[in-house]
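Asks: The primary structure of each chain is shown beneath.
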Amino acid sequence: MSDLKNTIKIFHGPQHPGITGNMSVELDLLGETIKRAQTHVGYLHRGFEKLVERRTVVQAFTIVCRICVPEPDPNEENFARAVENLTGLEISEKAKYIRTMILEMQRLATQFLWMGGQAGSIGLGLIPQWSVCDRDYMLDLFEELTGGRVYHMYAFPGGVRRDIPDGFLDKLSDLMNYYEKRITVYNNTFFDNTIFKSRAIGVGVVNADEALKNGYVGQTLRACGIKRDVRRDMPYLKYDQLEFDIPTRTEGDVYARALVRRDEMLQSIRILRQIIKQMPKDGEILQKIPKHRKFKLPADDTYVQTESARGAMSYYMAGDGSEKIRRMQVRGPSLVHAYTLLEKLLVDSQLADVAMTMNSLGICPPEIER
Amino acid sequence: MIDLSSKLEKLSLELVEKNAHLYKVTVKLENLESILLSFLNEFGYITLDSINCRDDLEEGLFTITYCLQTEKRDHVVMVQTSIDRENATLPSMHTLWPQAEIMEREMHEMFGVDFPTHPSLIDFALEYWEHMPPMRRDFDTLEFVNSMNPFRDQRGDNLDVKVEMKKRREEKKAAKLKAEQEAAAKLAAQEQQNPDSEAQNNE
Amino acid sequence: MAIDVKGVLSPLSAIGTLFEHPRTITYPEVKKEIPRGYRGFHINDLESCIGCANCQEVCMNEAIDMVHPDREYNPKNGSGCVPRIDYGRCCWCSLCTDVCPPSSLKLNNECIHADRDSNNFLYMPKNRKDIS
Chain X
15 MSDLKNTIKI FHGPQHPGIT GNMSVELDLL GETIKRAQTH VGYLHRGFEK
65 LVERRTVVQA FTIVCRICVP EPDPNEENFA RAVENLTGLE ISEKAKYIRT
115 MILEMQRLAT QFLWMGGQAG SIGLGLIPQW SVCDRDYMLD LFEELTGGRV
165 YHMYAFPGGV RRDIPDGFLD KLSDLMNYYE KRITVYNNTF FDNTIFKSRA
215 IGVGVVNADE ALKNGYVGQT LRACGIKRDV RRDMPYLKYD QLEFDIPTRT
265 EGDVYARALV RRDEMLQSIR ILRQIIKQMP KDGEILQKIP KHRKFKLPAD
315 DTYVQTESAR GAMSYYMAGD GSEKIRRMQV RGPSLVHAYT LLEKLLVDSQ
365 LADVAMTMNS LGICPPEIER
Chain P
201 MIDLSSKLEK LSLELVEKNA HLYKVTVKLE NLESILLSFL NEFGYITLDS
251 INCRDDLEEG LFTITYCLQT EKRDHVVMVQ TSIDRENATL PSMHTLWPQA
301 EIMEREMHEM FGVDFPTHPS LIDFALEYWE HMPPMRRDFD TLEFVNSMNP
351 FRDQRGDNLD VKVEMKKRRE EKKAAKLKAE QEAAAKLAAQ EQQNPDSEAQ
401 NNE
Chain W
12 MAIDVKGVLS PLSAIGTLFE HPRTITYPEV KKEIPRGYRG FHINDLESCI
62 GCANCQEVCM NEAIDMVHPD REYNPKNGSG CVPRIDYGRC CWCSLCTDVC
112 PPSSLKLNNE CIHADRDSNN FLYMPKNRKD IS
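Protein chains in written order, with my numbering: chain X, 15 to 384; chain P, 201 to 403; chain W, 12 to 143.
Misleading hints may appear alongside valid ones.
[Stated by the list, open to error] Straight-line C-alpha distance at most 16 Å; calculated EDC-like pairs for lysine to aspartate or glutamate:
#, chain 1, residue 1, chain 2, residue 2
1, X, Lys195, W, Glu68
2, P, Lys272, X, Asp154
3, P, Lys224, X, Asp314
4, X, Lys308, W, Glu31
5, X, Lys227, P, Glu391
6, X, Lys64, P, Glu371
7, X, Lys211, W, Asp15
8, W, Lys43, X, Asp154
9, W, Lys17, X, Glu257
10, X, Lys338, W, Glu121
11, X, Lys305, W, Asp109
12, X, Lys302, W, Asp109
13, P, Lys362, W, Asp15
14, X, Lys241, P, Glu271
15, X, Lys338, P, Glu301
16, W, Lys43, X, Glu158
17, W, Lys42, X, Asp154
18, P, Lys272, X, Glu158
19, W, Lys137, W, Glu121
20, W, Lys43, W, Asp109
21, W, Lys43, X, Asp150
22, P, Lys224, P, Asp203
23, X, Lys64, P, Asp338
24, X, Lys358, P, Glu301
25, W, Lys87, P, Glu371
26, X, Lys64, P, Asp340
27, W, Lys87, P, Glu271
Read the hints as simulated data drawn from the structure, not as lab findings.
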């Protein structure tokens, strides 16, 4: 603590370059070096877990997507699967494929948004403009499929709410070809860029032992050589029948996490191409479920996990025999990353690296405080 | 999982299989710390995924669930225990899993569970909160919100559909009745007129 | 330290995009085509609305009021009321359209609403035939 005598205290945030959402990091600076970091959340607390308790299952489904703004679909999937686990609803083959498809589409969209943030946080202003534009093409497809650009409200307990429109899969297939070309462009301009390399290599290094013990998830884990992915370890929906690799690196720094994300984008494209080929032509999309006042959850609890674009996202859900949900608790990837990890990583790093480190951990503040 | 099941049987605990990737053990509060310790050190559950708290208001309990995963992360074990709702106290697990610190901090704020051995029970998301812990089920969110924010006052013309339906049905009934009465009256009037006209005709 | 030649030169390939056609559209003149299934503003065919208030019941945001319509409506309407939506509260989840028994309440692809008066956020859905 004697180090903290001559430090300056600044707040990095709540509005800052780096992550989508409001979260501040209280920094004690000695010159440009950070001596102590403390995360503060609470700017986005909207009380979703409490709101869910006051609503019927059908009503609650529309707000879970708001738990993480840039990435709503894993939330919907988790919610739907938790309700299905509790009530024993089985979903059809086609609905499973559609849900896998929308999860992968969301993963790509999120990674494009992340790429914009990551490049923007180190001053490469061109990449955000490109990647947000590329993400918009995906949002256009979401608009066509679900009716909404950002909040899809699509994966419903028992299936999905709409069928695939005509010609949608062709459009998706074209977009995949386009994305594959674009990733080479991003390779040239961003991932191989010497500015990015010299800023990111060796910054924010996470070591593997600590990563497992502290419950880090997603790219943070995979960038330090641990091959953990919920899609592979606890397969849900159609992931056990799709071929994909889990990219890993061993360095564990910001650059390694960026490369893992890039490789995951390629894997998502690969998965989507398989889904386009295998998608059943016809079939039921939504199970017949009772009216919203009669949709009752049994007095039981369950725990589901989905691999979001930033790591495993888990929901705990308990019913009590009534139409309302007794308790739904969200454990997103950001909680541990923003507190345990970020506070540790920032110590002895530079002020200019804060935004970059934050972004590479995939922190999403709305999901920390729900 | 037979492996873990037999190990738990020695501790006279039952492992319930929920589905292929989810198992549940219910333990007593006094055994919680030692069982979690053996989960970490002996059974290899090195990751604490989350600590969930559920408010069972009717029974006067908080149900706490620790979700644990092994290094392979191919299944989840829920270790569940119940504590008294009134003076809820739990041992802090931050020495076993560092991330428990932040989860317990949140639980303390949202449910009012006390952790005597916790190093930093400071505010989490709600700063300067004066009411009761908001995630307790006897905290009325609607009342709180209504006391803070007024409802849009231009919406006073909302009608209760059941009342309107009843009203409309009665109106219809009344109209029907009226129509019937009128028809009957008309008929009666006609009948009154008719004998005269018949009489006139006869003449 | 060796100079990373590839890393210095390859980002310069971005200059090539100067000669590409821009991806943006000139908005007020050229409008983006909104797909058919878009969840925009409500439309309500009053000639088939039965005034059952299912939409009001399912709406978790309490955005729907049942009011007497200001234009002609279904003579079989049981309550004489039709939904009016508070767009300050609506989240366009489209649950109200899912539970509508005669499927008269729908979302269409109109989605721009600007007004100086916040009271005009109370939106009375138009008839389908009045829109197109």
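Asks: If a hint holds in the structure, say so; if it does not, say that too.
Replies: Tested hints:
| no. | hint | verdict |
| --- | --- | --- |
| 1 | X/Lys195 with W/Glu68 | 49 Å, violated |
| 2 | P/Lys272 with X/Asp154 | 38 Å, violated |
| 3 | P/Lys224 with X/Asp314 | 11 Å, holds |
| 4 | X/Lys308 with W/Glu31 | 57 Å, violated |
| 5 | X/Lys227 with P/Glu391 | 100 Å, violated |
| 6 | X/Lys64 with P/Glu371 | 43 Å, violated |
| 7 | X/Lys211 with W/Asp15 | 10 Å, holds |
| 8 | W/Lys43 with X/Asp154 | 10 Å, holds |
| 9 | W/Lys17 with X/Glu257 | 33 Å, violated |
| 10 | X/Lys338 with W/Glu121 | 34 Å, violated |
| 11 | X/Lys305 with W/Asp109 | 11 Å, holds |
| 12 | X/Lys302 with W/Asp109 | 13 Å, holds |
| 13 | P/Lys362 with W/Asp15 | 76 Å, violated |
| 14 | X/Lys241 with P/Glu271 | 10 Å, holds |
| 15 | X/Lys338 with P/Glu301 | 30 Å, violated |
| 16 | W/Lys43 with X/Glu158 | 13 Å, holds |
| 17 | W/Lys42 with X/Asp154 | 14 Å, holds |
| 18 | P/Lys272 with X/Glu158 | 39 Å, violated |
| 19 | W/Lys137 with W/Glu121 | 11 Å, holds |
| 20 | W/Lys43 with W/Asp109 | 27 Å, violated |
| 21 | W/Lys43 with X/Asp150 | 12 Å, holds |
| 22 | P/Lys224 with P/Asp203 | 15 Å, holds |
| 23 | X/Lys64 with P/Asp338 | 11 Å, holds |
| 24 | X/Lys358 with P/Glu301 | 14 Å, holds |
| 25 | W/Lys87 with P/Glu371 | 14 Å, holds |
| 26 | X/Lys64 with P/Asp340 | 10 Å, holds |
| 27 | W/Lys87 with P/Glu271 | 65 Å, violated |
In this structure, the earlier hints numbered 1, 2, 4, 5, 6, 9, 10, 13, 15, 18, 20 and 27 are contradicted, and the remaining ones agree with it.
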